[in-house]
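Trainee: Please arrange chains R, Z and E on chain U, whose structure you already have, making use of the hints.
Chains as they are written, first to last, in our numbering: chain U, 1 to 192; chain R, 1 to 192; chain Z, 1 to 192; chain E, 1 to 192.
The reader is advised that the hints may include incorrect statements.
To be verified - Which residues of chain U face chain R? A few of them, derived with a C-beta cut under 10 Å, are:
(1) 4
(2) 22
(3) 23
(4) 70
(5) 93
(6) 135
If you're looking for bench data, these hints aren't it; they were derived computationally from the structure. Ideal Cβ placement from N, Cα and C applies to all residues, glycine included.
There are 4 protein chains.
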Amino acid sequence: MNKTRLEAFSDGVLAIIITIMVLEIKMPHDSSFAALSALLPTFFGYMLSFVFVGIYWVNHHHLVHVVNRVSAGIMWANLNLLFWLSLVPFATAWMGENHFAANTVAVYAVLLNVCGISYTILQRTIMSCHHLSNELLSAMKKQSKKGIVSLIGYTTALGFAFLQPIVSELLFVAVAILWLIPDKNIEQALKD
Amino acid sequence: MNKTRLEAFSDGVLAIIITIMVLEIKMPHDSSFAALSALLPTFFGYMLSFVFVGIYWVNHHHLVHVVNRVSAGIMWANLNLLFWLSLVPFATAWMGENHFAANTVAVYAVLLNVCGISYTILQRTIMSCHHLSNELLSAMKKQSKKGIVSLIGYTTALGFAFLQPIVSELLFVAVAILWLIPDKNIEQALKD
Amino acid sequence: MNKTRLEAFSDGVLAIIITIMVLEIKMPHDSSFAALSALLPTFFGYMLSFVFVGIYWVNHHHLVHVVNRVSAGIMWANLNLLFWLSLVPFATAWMGENHFAANTVAVYAVLLNVCGISYTILQRTIMSCHHLSNELLSAMKKQSKKGIVSLIGYTTALGFAFLQPIVSELLFVAVAILWLIPDKNIEQALKD
Amino acid sequence: MNKTRLEAFSDGVLAIIITIMVLEIKMPHDSSFAALSALLPTFFGYMLSFVFVGIYWVNHHHLVHVVNRVSAGIMWANLNLLFWLSLVPFATAWMGENHFAANTVAVYAVLLNVCGISYTILQRTIMSCHHLSNELLSAMKKQSKKGIVSLIGYTTALGFAFLQPIVSELLFVAVAILWLIPDKNIEQALKD
Chain U
1 MNKTRLEAFS DGVLAIIITI MVLEIKMPHD SSFAALSALL PTFFGYMLSF
51 VFVGIYWVNH HHLVHVVNRV SAGIMWANLN LLFWLSLVPF ATAWMGENHF
101 AANTVAVYAV LLNVCGISYT ILQRTIMSCH HLSNELLSAM KKQSKKGIVS
151 LIGYTTALGF AFLQPIVSEL LFVAVAILWL IPDKNIEQAL KD
Chain R
1 MNKTRLEAFS DGVLAIIITI MVLEIKMPHD SSFAALSALL PTFFGYMLSF
51 VFVGIYWVNH HHLVHVVNRV SAGIMWANLN LLFWLSLVPF ATAWMGENHF
101 AANTVAVYAV LLNVCGISYT ILQRTIMSCH HLSNELLSAM KKQSKKGIVS
151 LIGYTTALGF AFLQPIVSEL LFVAVAILWL IPDKNIEQAL KD
Chain Z
1 MNKTRLEAFS DGVLAIIITI MVLEIKMPHD SSFAALSALL PTFFGYMLSF
51 VFVGIYWVNH HHLVHVVNRV SAGIMWANLN LLFWLSLVPF ATAWMGENHF
101 AANTVAVYAV LLNVCGISYT ILQRTIMSCH HLSNELLSAM KKQSKKGIVS
151 LIGYTTALGF AFLQPIVSEL LFVAVAILWL IPDKNIEQAL KD
Chain E
1 MNKTRLEAFS DGVLAIIITI MVLEIKMPHD SSFAALSALL PTFFGYMLSF
51 VFVGIYWVNH HHLVHVVNRV SAGIMWANLN LLFWLSLVPF ATAWMGENHF
101 AANTVAVYAV LLNVCGISYT ILQRTIMSCH HLSNELLSAM KKQSKKGIVS
151 LIGYTTALGF AFLQPIVSEL LFVAVAILWL IPDKNIEQAL KD
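Isolated chain U, as found in the complex (with noise of 0.2 Å):
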């Protein structure tokens, strides 16, 4: 079982959700700047989801990096992930189309948890059949550490998203930031 056609396949489906998203941000009525400017809450949405799932796509890139065997777990733990990721074009348009209202923003928080949750899966399937490195090992614990976070941070935003919807778009914002800072320990541990 070689992985090239897992990557190749994950690859193409965040290829695709990534850039179907962009469909759901309407055409405005007219040439107007006014109306351009009511699609502002559906592009900074659009924009959110297109960093989260680029942190799915490069933690994706990382994780598989380490597989030497593909198993019929690991493709269904894969395709376990791409299904729920595939629901974030959906999510973030509603979100974005009401105008980050008290239920799209709950939503949005529970698909980030289901799919952190998938990610986690994945992980574990990947680490349970495959015998790897120290370095690589506290890595990833590291790595699921920020995990841990996330999933807090998602599950504050769920309960805030009926309190002050504000404070849940900025928890999303802040759990983004918190993955785009290189991890410099998972490059040095996968180049060892």
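Mentor: For chains R, Z and E alone, kept in the frame of chain U given last:
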């Protein structure tokens, strides 16, 4: 003739099929949970079809793995399979939007049958022009049995569509579960 | 300059072209078979275009196989071909939705002509900067003859569009069948 | 860290961007040529954007060719470029549908500017962490000059958008032609 492009093209088409289905989940009119829950049949249909296309991807991955010479026959048998799979998003959306009405479930069952037969044609085409090991042949025969059980399942589902569509849906789920159980034989045979 | 990305990008674009056509099959208003059968012209158009794009993919596969040096000329001749092919979903949907009205069939015939000419340009560009074996050259010349017959077929179809569109459709089908017959020469020449 | 997935993912996203633009060419209401010709501005916009995205793909191909170590910085600079390019279909469709109205041309010019700057950022990121040969460096510097001329072209087009949008369009075409002229230097330098 190398098989890299056969795999790349198939992965591309399967990735698009599995992802554009989500475009059929139409945005609710407002941000209420009632509007969202009205999408549940569509969502269930999407999930079912995602799993079916995922199963085809996993099996395709295994099947093409044994190919070492891509003939025109294999290319066209493959395009035939992709053609029928490309209709899955349409059939799924039609079924979801009409809340699993008899006709739509019947068409879905017919389509799954045609996809299954197309897969069998591809399998036969590949087997007829490759000398496969005995282990692989017996693993493939076991998979063919699963295929026949699936066709019986889909055909029974077709009959129940006009009596009790819910039975048809349960049959779809049962067939999906049949394929989700990892097939140790084929993995073992491919490894040898 | 390696050709991996030329192939990957072309496969990506062709995979999307062949798949997004299905998005043009608009959902029927209800679950009746009458509503479904109203989609038959659209479905027939989709099938025809799927086969045409499939033929281009198979031929492209053969053609790029002989490339070992990707020049800017080849990249642009390839993008030119992809551009015209990308209009196939539009022309197909317009033709299907208008039940093969004269104008739409004529535009479809013109587009197939332009695609054919673009393919010839790509073929010439590749042949002009590669030293090919005599077997391959004679196989390609045989394919060029098929190409000329196709252009004559499309042009005749263009004429009949305004007299008897059904004749044009039969000509499209005839050209497709011409290409579906496996080309042993090119496979043999590439193998040597 | 290998660059295969960076290329595969970028090719996927660029292939989708270049192809989904065609979905914005809305079906005419009837089969008359008058209805078809009403789509000419949209079609011209599509052609222009296809060429621009094609140029980015060709240059991206050249640029990533020199990469041998993919860092987190390169991945994010690449995602940043893909983000802005993903907005091209939206800007193109808005411009085409409003028949190149002043505002839409201005937004298109701004977007091309931002894409150009993002490309420069990716180029700088790659150059800063790779030791490149002198020939390659001088070829890249020549390309940077073309980039600066393009930015001047886009900015001038932005100014003319509110005076004479036709001048802006001619400037877009001129910049495209500038890039279509094959760059022998970079091909030569990459070959050495």
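Trainee: Now, for every hint given, state plainly whether the structure supports it.
Mentor: Evaluation of the provided hints:
1. 4: With Cβ-Cβ at 8 Å, under 10 Å, it holds.
2. 22: Since the shortest Cβ distance to chain R is 12 Å, the answer is violated.
3. 23: holds (7 Å)
4. 70: Since the shortest Cβ distance to chain R is 8 Å, the answer is holds.
5. 93: At 6 Å from the nearest chain R Cβ, residue 93 (chain U) passes the 10 Å test, so the hint holds.
6. 135: violated (29 Å)
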